[in-house]
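Student: Going line by line, the protein sequences match chains R and L.
FYI, the numbering for the first sequence is 8 to 391, going by our numbering.
FYI, the numbering for the second sequence is 6 to 253, going by our numbering.
No lab work stands behind these hints: they were computed from the structure.
Only a predicted model underlies this, so the values are computations on that prediction, with no experimental measurement involved.
Cβ coordinates follow ideal geometry from the N, Cα and C atoms, glycine included.
Check before you lean on any hint, since a few could be wrong.
Unchecked claim - Covered stretches of chain L, as calculated for chain R (at least 3 residues, CB under 8 Å): (1) 29-43; (2) 49-62; (3) 103-112; (4) 120-127.
To be verified - Short derived list, chain L residues pointing at chain R, Cβ under 10 Å: (5) G98; (6) E180; (7) A184.
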Amino acid sequence: MSQRIPLAWLQLRHEKMKLFAAVSGVMVSVVLMWMQLGLLQALFASAVEFHGSVNGELIVIHGQYEYLLRNQPFSSRLLHRVLGSPHVQEIYSIYAAPVEWKNPWNGERRTIQCYGIDTDKPAINLPMLDSQLAVLRQTDAFLYDRKARPGFGPVLEESAKGTLIEPEINRRKMTLKGLTEIGASFGVDGNIIVSHANFLRLVSDRASGEIDFGVIKLRPGADVVEMQSQVQAILGKEVNVLTRDELCERELLYWRRATPIGIVFSTGTFVGFFIGFIVVYQILYTDVTTHLPHFATMKAMGFSNGYLFRMVLSQSLQLAMLGFVPGSIIAGILYAGLRSATLLPLRLELSRGIFLLAATILMCVISGTLAIRKLRTADPADVF
Amino acid sequence: MNNISTYPIISAEGINFAFGQGELRKQILFDIEFEIQPGEVVLLMGPSGSGKTTLLTLIAGLRTLQEGRLNVLGHSLSGASQAELLVLRRKIGFIFQAHNLLPYLTALQNVQVMFDLHPEVTPVEGRDRASRLLQQVGLGERLHYHISRLSGGQRQRVAVARALVGNPQIVLADEPTAALDGASGREVVNLLQALAREQNRPILMVTHDARVVDIADRILHMQDGRLTNNSRDSSPLTSLAMNSETST
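Chain R with its partners taken away, still in its complex shape:
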């Protein structure tokens, strides 16, 4: 041991129970923050799972599009106007509508979201989709979302056994031909994918060519922003031309406004932060108080206020790190459990981790700074 003495740590470690309590407090706070932010983000992420998988730089929606379930179709003929542009490589159409699924095992009816795609050029990136495009062309064929909520029946179990599954969808007998993956969200319990022709058979009130999403794929090197305004000008005001990120953002905006989810989970996150702050403050404050005579002695011997402040601050940072690491591990375990229970896309994302680490450090530093004020009451003249 050739370094200077880790005074802050030795003092912190001196009372094991207090250290344990402080670290537990930080840990609980970190777990809470991970959970709240994770759920918030997972809920939002699930709402744009479809939008994010659209394969094209620009997406055209009706001007009155509010969110996935409240939308107006527009004519796909509009889209053809942009084909003249040298920067447009291809255009695609996607139909979308909620349909009624009758559970073949118990007869219960539930709403499921149905997407009609062009099987020649699907314009959407979904797992296992490309290899199943051929079967999807068959009359009344559909792909089922393996991350749909239960309630549509034991579709996955039965299909794994090879059972023929032929549910009634919008009172039409359809045949399950395979699986894909989109995921449930706030408004949608599950999804199915069909071809354009099958979509029009299912949704009888929809005229051919009245699409919900138009996708424009640009040639490599095209300026997306520039093209966005060009396409918007060509297509007119009836529709909106958005980038994929803008589309996701718009969808989320609806959910943020329409539901208190954002507020609920942000409040939860803040509560977590506050709990951690209070615990660390209490521990550091009592710690400074119990060690006040020692701090006074050190001041008398010539240690500066700055030295002692840094000591308490490094203690708060040590608590932050000690709580953050196990807290994040626990959060990871809880995420895994929740992921399989709720099918929500919960992930320990690095960016969130960095944000939470910063929040934890901030929490501890604020507590430390407040506890430090007590240090001023250490009067070195009292030591004699």
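For this one, chain R is given, so just place chain L on it according to the hints.
Tutor: The following block gives chain L in isolation, referenced to the frame of chain R:
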């Protein structure tokens, strides 16, 4: 840090000091005047409440000087800033009535930590100096003992090592034997004196322990806030004689 200096280590003149304001004002020190020369071991003796400790805290720069002139180690203490007082305190070795060691550190760490005030000393050198000094005070076998595992006398010996390890220009000790039994007290004082002598360090020790007066070059007596024997004409012999009369 040259200890051999011609000017007095401490010189005090006309010091008055009071606690409180207005009606509650209580004067503790009256017209204090004395000097301490390099290498001197001076005892400050007197009954409780006579103002010894207050004078010590003034010298150490722990209280603000109100009236008079006080020069310690070349620093004038009237109107000195906190930063200046901090610099002064780093040149002083402190020994307290209770050992005031940090309970969460070992004996060695308690001494070694003083080098955080002296960044010019490398950690390795600091550690060496700390352990050598602890060997000199007879704790070579207990370097890594926590303070709770040491006896009262051993703790105060660690405190002696801590006070001396930074090569202070003066040692201020406040009743270092008060919490110890006679034998341990004697041992601590002997160590302190031997080490200070070896390095030619002056010591100012507040005490009312009559058993340790023999280590003093000179004794200052204090009564009701006044020095009763002027430092200029008190020789150690007369002080000792006076003390042996009063202490029995």
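Student: Now tell me if each hint is right for this structure.
Tutor: Checked hints:
Beta-carbon proximity to chain R at under 8 Å applies to 0 residues in the segment 29-43 of chain L; the threshold of 3 is not reached and the given coverage is violated. With 3 residues carrying a beta carbon less than 8 Å from a beta carbon of chain R, the segment 49-62 of chain L meets the three-residue requirement, and the given coverage holds. Residues of the segment 103-112 of chain L lying with their CB closer than 8 Å to a CB of chain R number 5, which satisfies the three-residue condition for coverage. Three residues within the 8 Å Cβ limit are the bar, and the segment 120-127 of chain L against chain R gives 3, so the coverage statement holds.
For G98/L, the shortest C-beta to C-beta distance to chain R is roughly 9 Å, which falls under 10 Å, so the interface hint holds. Residue-level restraint check for E180/L holds (minimum Cβ-Cβ distance to chain R is 9 Å; threshold 10 Å). Hint status for A184/L: violated, given a least beta-carbon distance of 14 Å to chain R, over 10 Å.
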